[in-house]
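4 protein chains.
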Amino acid sequence: MNTEFITLNEERNVSLTAFLQPVGGRLKNLFQRPAVLILPGGGYHVCADSETDPVAYPYLNAGYHVFILRYSVMEHAAWPNPLNDYEQAISMIRRRAEEWHVAANRIAVIGFSAGGHLAACAAAMSENRPDAAILGYPLITADSIHDYLPSAPDAAEAVDEKTCPCFIFATRTDNQVPVENSLRFISALERFDIAFETHIYANGPHGLSTGVPSLTAEKFSGRYCSWVSDSIAWLNEVLGSFGPDGLSEPDFGIRINGNYEETLNLASTLQYVMQNPQGREVLSFFRRLEENGRPLPAAAAKVMTISSCLTYFGMGEETVRKVESELKAIKNR
Amino acid sequence: MNTEFITLNEERNVSLTAFLQPVGGRLKNLFQRPAVLILPGGGYHVCADSETDPVAYPYLNAGYHVFILRYSVMEHAAWPNPLNDYEQAISMIRRRAEEWHVAANRIAVIGFSAGGHLAACAAAMSENRPDAAILGYPLITADSIHDYLPSAPDAAEAVDEKTCPCFIFATRTDNQVPVENSLRFISALERFDIAFETHIYANGPHGLSTGVPSLTAEKFSGRYCSWVSDSIAWLNEVLGSFGPDGLSEPDFGIRINGNYEETLNLASTLQYVMQNPQGREVLSFFRRLEENGRPLPAAAAKVMTISSCLTYFGMGEETVRKVESELKAIKNR
Amino acid sequence: MNTEFITLNEERNVSLTAFLQPVGGRLKNLFQRPAVLILPGGGYHVCADSETDPVAYPYLNAGYHVFILRYSVMEHAAWPNPLNDYEQAISMIRRRAEEWHVAANRIAVIGFSAGGHLAACAAAMSENRPDAAILGYPLITADSIHDYLPSAPDAAEAVDEKTCPCFIFATRTDNQVPVENSLRFISALERFDIAFETHIYANGPHGLSTGVPSLTAEKFSGRYCSWVSDSIAWLNEVLGSFGPDGLSEPDFGIRINGNYEETLNLASTLQYVMQNPQGREVLSFFRRLEENGRPLPAAAAKVMTISSCLTYFGMGEETVRKVESELKAIKNR
Amino acid sequence: MNTEFITLNEERNVSLTAFLQPVGGRLKNLFQRPAVLILPGGGYHVCADSETDPVAYPYLNAGYHVFILRYSVMEHAAWPNPLNDYEQAISMIRRRAEEWHVAANRIAVIGFSAGGHLAACAAAMSENRPDAAILGYPLITADSIHDYLPSAPDAAEAVDEKTCPCFIFATRTDNQVPVENSLRFISALERFDIAFETHIYANGPHGLSTGVPSLTAEKFSGRYCSWVSDSIAWLNEVLGSFGPDGLSEPDFGIRINGNYEETLNLASTLQYVMQNPQGREVLSFFRRLEENGRPLPAAAAKVMTISSCLTYFGMGEETVRKVESELKAIKNR
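Residue numbers (the working numbering), protein chains in the order written: chain A, 1 to 333; chain Y, 1 to 333; chain W, 1 to 333; chain C, 1 to 333.
Only chain A is shown next, with the shape it has when bound in the complex (with noise of 0.2 Å):
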């Protein structure tokens, strides 16, 4: 492992601590690896420590380099200067990911609290999106964030179509952050049909980072810790995942739909499509179908895909292909 320590911004004291790890070894097509570069949390008056090293190690452990920027806090938060941060940090990875073996396509950001703000904007808002956001018990509504950092927008509603797939943990009786920062944030990304997971813990308080018994001696619900390995195992189906070839493809898509592909496809939702009048025209025989006595369930109109339609009708191949070329070509918007 390489350690590197870099100021990014000497005036607000903002740095990137880099872990590097060596490629190559017994994965001998492993030219380059996944990143994940950590915020740490302290509602933007520090950086706390719990939420640096000790969330590196198992990312580190997993095959990951990690990153660490401490950003703009106290005098220097004034928004978006800690955006700003993560910008320059983000964009100086992806500069020197030759340099460094970073997958470039393959960066993931995992902030806490005050810094999980951060990585919900960085995912929702910025310039240079991260491919995958980690958020842990993370502020979020403008309500909430106020008391901390007046200036900071509110992170649900920063949500826009272009937003990377967002992993969300939190425990259900933090007091300190309510979780309904967590559902406000799940249910934007819900809106705009962008992947998430999220595991809400039944009991524990604020600000338990990994959870591992070196950090803390609180009583919480101890399958908390899992969050770990879990979003260690969703980072690499969106991400893809080392394999003999290197770094695999991710094994789910990180759309859950095709709605925003150029054209019309398969993958596009059946609510979607008959929404689009040419759209509609291909689908037209689905009518004839549910008369025949299969009615499509309405309410899954919304999330079913019309592959998903056609094995429902039974349909063959020969008809699976018509429907994707009709709707291939047919331009999207």
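No wet-lab data here; the hints were simulated from the structure. One or more of the hints may lead you astray.
Since copy identity is lost for identical chains, a pair holds within one copy or between any two.
Unchecked claim - Below, in silico cross-link-like pairs of lysine-lysine (BS3-like), each with a Cα-Cα straight-line distance of 30 Å or less:
1) 328 with 28
2) 162 with 28
3) 331 with 28
4) 28 with 219
5) 162 with 302
Position chains Y, W and C against the provided structure of chain A, taking the given hints into account.
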């Protein structure tokens, strides 16, 4: 294990299967066991086999008695028939608790899909509430449930302050029951301060049951299977677990705050106490403390308990006891 | 689940309880299931309840049919009565395999303590061998078993080349059945090149069964409980697992080398081939390679296969194929 | 984390890398941490990279300080150079314990392959013994180690009564270091009543290190990777863990019986006490109890403690105390 099959309603084809475990053995003080009541899914058209016995096994393994309710479906499903079936089942279990060695106040209901709708209604609007509810990829909203049973109520709208603690899990890419169903129920729980835990896994189709390889070969996020052991750990927290003295007390209270007690108390939230003129009087010294440099985070008032406020201000034991006795003298509502 | 109770020997009070699972369902090609046959412990004096149904649950959960054999104990225990009971049980299961949807060549035996002795004898000296054996804190040596049943044989001495793969677990501080019993059996397996896996946990009393909290409140190494899921993962490796085409082939061969095949082959060990004059001839070119600077580690000759030797020397595909065909021309023994 | 690189022996190219963690934080009473000293493998020819930093990460995550010793290899490897390197390293760590916040009596050594041989020698024959030892697929026997370093001793033969508790893991199909090496060491520990835990996984090649996917794409039994968390749980049992008062006392004694104490005692084994004429006198009443129908299992005498014998006979507290005081009056050896 002793198996009993009980016909609850011959006309509607409703039955209760009981898998009863012996008491005693190496745990000498174990005179009764907690129980789970399983409500399989199937869109109120069938009771799906994959959500009956395969769900029973892990709870039997964890030491629970298990009951499976095959409730009214198809032509018998008109609401409130299924809910009445539930009422009949739980009444019988509680009535025969002594004979069956069931801990009558430690009975959880677990339902999937349409059975998750029924379990949610049991939790939120039944006469004879369960002590905990586990909801797997549940149908919740009127929109969604009406595709299957037009007479059924919206379970999220039914949530009230007597709703039991809930554990909700689903997959984000379920394209039969939109994840919005789970999110709506969680929001309702949050509004009523009901304790909950939730796990929404990134990828997976509808109806995975326990997710073991002998049930399905479909592709889904591997950590999905953790819902089983997580739900058991959660039940142990909510209902108590097995120990040298038989069943232990729960690790955590089932209420996330003390707002529903008979009097105000240290577990009441700041916001709640401040809404009460007498309570506001008791806490009048907070303002002075805040002015001395430790302002309470405004947004946290909804979730911060008086107890945590006193810790926040560094108050000694004497003050804590004084505030407690003053609050306990104030009738709630 | 379908439960059957079959009296095997009325006089000796021997019975077989079957928990049979349905086939089909979402795994369309699942026409048969693997099975485990449980042999509870109890010093050949009783069949302990804590090692019957509680052991069945996790294997049912994993998709296995489960059989529980209550064999001859007390006045009926004189050897070979218990072994005969086993023979009768496994014969019946294999005979009725079609009716019960059992995969007749995927049946594992699992025994505890005295039942572990019986399972070890089934694995090592029965007529009708199981396909795999799981031994929990087993009695093995003559010394130990004779305290309980003077007529019983030493199971380690019975191990032969037809012994099935074994999974052995125990606790180091068992002060009823010394851990030496497990160690002796493992050494015997090692001598005969039988595949095995073993877990000896640092701390715990005798007779913990699955170790779930509803069985005992005694203090032991928490990871003890992993033997259950580890044994299931091991069975899946040895017997094959569930998949889209029903039951899959095993991940690994059950033989750790090819020394027991009909001819010599690439999986034979170096030492073994070198004991055969014709084999030695085939490998005569190894000496030259060694002299050229890559001496083979002498001590590894016992375990190194010809295949790994060829890799070690960096031989090309052509040489590998040539050596293979020459070896396969040599009859074994 | 503070990284230090210390040259121990310039001529032999021996170095110690220290990853030191801060104390304090949310665990207010944490003034020192336990430590692990890593000895990478490489056949005494190199120090393999895959067994240095990648092994450090999980122990750092668990709260341990980590030291990596790059000991004498190749032309510098002649015995006892590597053992002397170990002695120098552990002496330095204990000497600087206060400065580095190391708990000087909670230092574990962990070695792999040839490093496992060195760790075994450290455990069994060094001047300055570690408090626990973890051996991964170790070279042990003279036969095996002499392929790599002819001057090195057989580690199994070195085991004495002062050997520290050991955790040994390996894969059964390792065809570079035969599993017999591990078995021989385990038997030696068993003979000397040394506490141990062992996991031998069914399938996997040599040199898997932690087994994470970023290290190798080879095929092996998936549960192999559990050795890491299991070894940490075991260390917590042997050395004590993190808690509200800093480091807690161990859960279990490191001795599996009391035979090595200064006097006889309740934790001495039956066999051991019976070898002592005065001890035999104290236990003379056992014969009468056995004749009354509860014969002690003869084979268990080697492992059964006096304490468990008294429980077996159902003796009351008074008798227990009497026996204890009589035994403690008898000097050991």
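Status of each hint after checking the structure:
For the homomeric pair residue 328 and residue 28, neither the shortest alpha-carbon distance inside one copy (39 Å) nor that between copies (33 Å) is at most 30 Å. When the C-alpha separation of residue 162 and residue 28 is checked against a cutoff of 30 Å, the pair qualifies neither within a copy, at 35 Å, nor between copies, at 40 Å. Taking the shortest alpha-carbon separations for residue 331 and residue 28, neither the intra-copy value of 43 Å nor the inter-copy value of 39 Å comes in at or below 30 Å. Proximity of residue 28 and residue 219 under a CA criterion of 30 Å is satisfied inter-copy only: 15 Å between copies versus 44 Å inside one chain copy.
In this assembly of identical chains, the alpha carbons of residue 162 and residue 302 lie at most 30 Å apart only when taken from the same copy (19 Å versus 33 Å across copies).
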